[in-house]
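S.K.: So the chains spell out like this:
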Amino acid sequence: MAILDTITHSDVADRHRPWPRAQVNDEGWRQAIDQLATGRLVLLGLWGDAPMVHMALLDEPAGEAAVISYVCKSGKYPSVGARHAPAIRLERAISDLFGLEAVNAPDTRPWLDLGFWDVRHPLGKKAAARRQVSYDFLPAEGEGLHQIPVGPVHAGIIEPGHFRFTANGEHVVRLEQRLGWVHKGIESLMQGAKLEQAARLAARTSGDSTVAYAFAFAQAAEAAMQIKAPLRASYLRALMAELERLANHFGDIGAICNDASFALMQAQCAILRERTLRAAEAGFGHRLMMDVIVPGGLSRDIAPKGLAEAAALVAAVRGVFADLIELYDNTASLQDRTVTTGIVKPELAAQFGAGGYVGRASGRTFDARRALAYAPYDKLSFEVPVRDEGDVNARVWLRIREVEQSLSLIEQILGAVPAGAIKAPLGRAKSCEGLGFAEAFRGDVLVWLRINGNSRVARCHLRDASWFQWPLLEAAIEGNIVADFPLCNKSFNCSYSGHDL
Amino acid sequence: MRKILFEGIVQGSLTERPPAADETALAELAESVNRAAQIKLGRSLSIRQVDAGSCNGCELEIHALNNAFYDLERFGLRFVASPRHADVLMVTGPVTKNMREALERTYNATPDPKWVIAVGSCAADGGVFAGSYAVEGAVRDVIPVDLHIRGCPPSPVDLLKGLLALLQYVER
Ligand code: SF4
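Protein sequence lines, in the order shown, are assigned to chains L and A.
Numbered per numbering that gives the first Met the number 0, the first sequence finishes at 500, counting up by one with no gaps.
Numbered per numbering that gives the first Met the number 0, the second sequence finishes at 171, counting up by one with no gaps.
The hints are simulated quantities; they were obtained by calculation from the structure and are not laboratory data.
Just so it is clear, CB atoms sit at the ideal spot from N, CA and C, and this is done for glycine as well.
Be aware that one or more of the hints could be misleading.
The calculated label-pair distances, taken between Cβ atoms and stated as ranges, are [unchecked claim]: (1) L/R277 with A/P112: 30 to 40 angstroms; (2) A/L13 with L/K304: 49 to 59 angstroms; (3) A/G130 with L/P148: 48 to 58 angstroms.
Which chain L residues face chain A? A few, computed with CB under 10 angstroms, are given here [unchecked claim]: (4) K125; (5) A246; (6) Q265.
Covered by chain L, according to a simulated footprint, are these stretches of chain A (three or more residues, beta-carbon under 8 angstroms) [said to hold, decoys possible]: (7) 129-137; (8) 147-159.
Please put together the full structure from these sequences, using the hints given.
M.R.: As structure tokens, this is what we get:
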């Protein structure tokens, strides 16, 4: 049964693609929450679009998505978070950005507005700034408990965020995250922007996933405008996406081992990462491949030597990667740190709809490339590795297995890239809406886009996989020792910028 | 493990020859503050990186400086965990409103003499994020900057050129 068949709705938006968007009232909204709470549907996103809030839903077995929209009455809508915890932070963000209130919400503290902005509700009915920097952390009381505040400025070359640990001796009793420090107002900058400019912003939402964001944005735009990227562009997009995945997985595998004080692995993996970025630059003129994917296709073709460079990279990686896996597998002191550390229970991963290696290391099979089968992955053959231990070790193995899959995908792509155009003309859009996904290395990126009549962005929402992974890190670290936090954190490698927007 | 270590020895080093110091960076530095130029620090600088709002792209390339190809430490340059140990602050990103105070406090916690390098287009002028309600602007709108290394993100070679220019400048 299609998602909307199970939810009472009225108007179905006539230019929302490729999945439907329908307006619901209290009854339909509640029916959706019921299905989230029972686990029949997965929450893909929840965002404001004054005077509405939209909720994207996934029917996982059917590989089908839908968006429902609730028109707020005097700025209020029934809280989803009250019955489905994964929505809580999203509701807090909506409240900060739009001033729309989730009625009966379990947590009404601000989330992205840390009290430093000059304006309140920047995307909704603007109001005078909040100017309140203090924050009520959750209380943790008990004998012998102490708190360790960390950040926002961290001790490495990493993004800023605040972690508040409550510990009993060495053991973490609770971790509470406070994020939002790198909030740049990307969604407000997009409003009114030309499509090309909005694509550049999307590509800078999280630098490590610039290809995935540009890919998802392009798919949303193309779905909305009913354009199809040429086949050559589609294959080259996947080539870039897999190169990006490789680079990040190499970086992560090394960095996780380094956080367990095993620097040799870090040094070796960093070499592979560098080689990957050099192949990317040889092919696409930019080490991170920024701004190559654009709505309609690509902004440039691959350089003549690009395909050969990618093939050489695959060969080089295949030559050494097996030794590195063996090294990981046979180093007892390393395994001692990663096995059974930072466990995410499968129920929790399923409830939060956690994507990427966080979800797949805890038994959740979802991978947007497979489940939503966007081009060209519908024509490529690959496995989606899954484990169910949910510990740091499982998340490392997931990356190792995904590296192998990416290598095979790149080989298939190199053998299949057809000649031809790299960009379809955009033409002039009527006002229309699109929903796009791409599987970034850390999980699925969602982009929802409304384009107005003169091909400008009326509203765009970007949802990083991290929204549904960060909360699981809080759960995973409970009962572990403080010293294992860096290791755990790295095994998640959630995005700050992608989350803070 | 021994096999990998052994191969590392016989295969020779991946580390590449350093690029020439960036001329424009040298010129910018020569013009910038003279206050600490006389103080010799020796051929060693400690760098504290601060992300004041970046998209994380710049961080990835800064990280790359530590890999075997660029091997930053051979120049006596290394990243440290605390601003209190740092001679150089390397700041990325447009400075977000939310990070402004944290950046100022990090700057104040860094002992003199100190240099500030703004890394990336965003750090230079806010980049694509300029004009947002949530963005303060360029790094120099918040703290004094001695050197800009532009690019989105600057490549490790660009970063190396800028850093070598700084090193030469400090040595003079
Ligand atoms: S300069 Fe580019 S890579 Fe660096 S933070 Fe800004 S957008 Fe990201």
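S.K.: Which numbered hints are broken by the structure, listed smallest first?
M.R.: Hints 2, 3 are the ones this structure does not satisfy, whereas the remaining hints hold.
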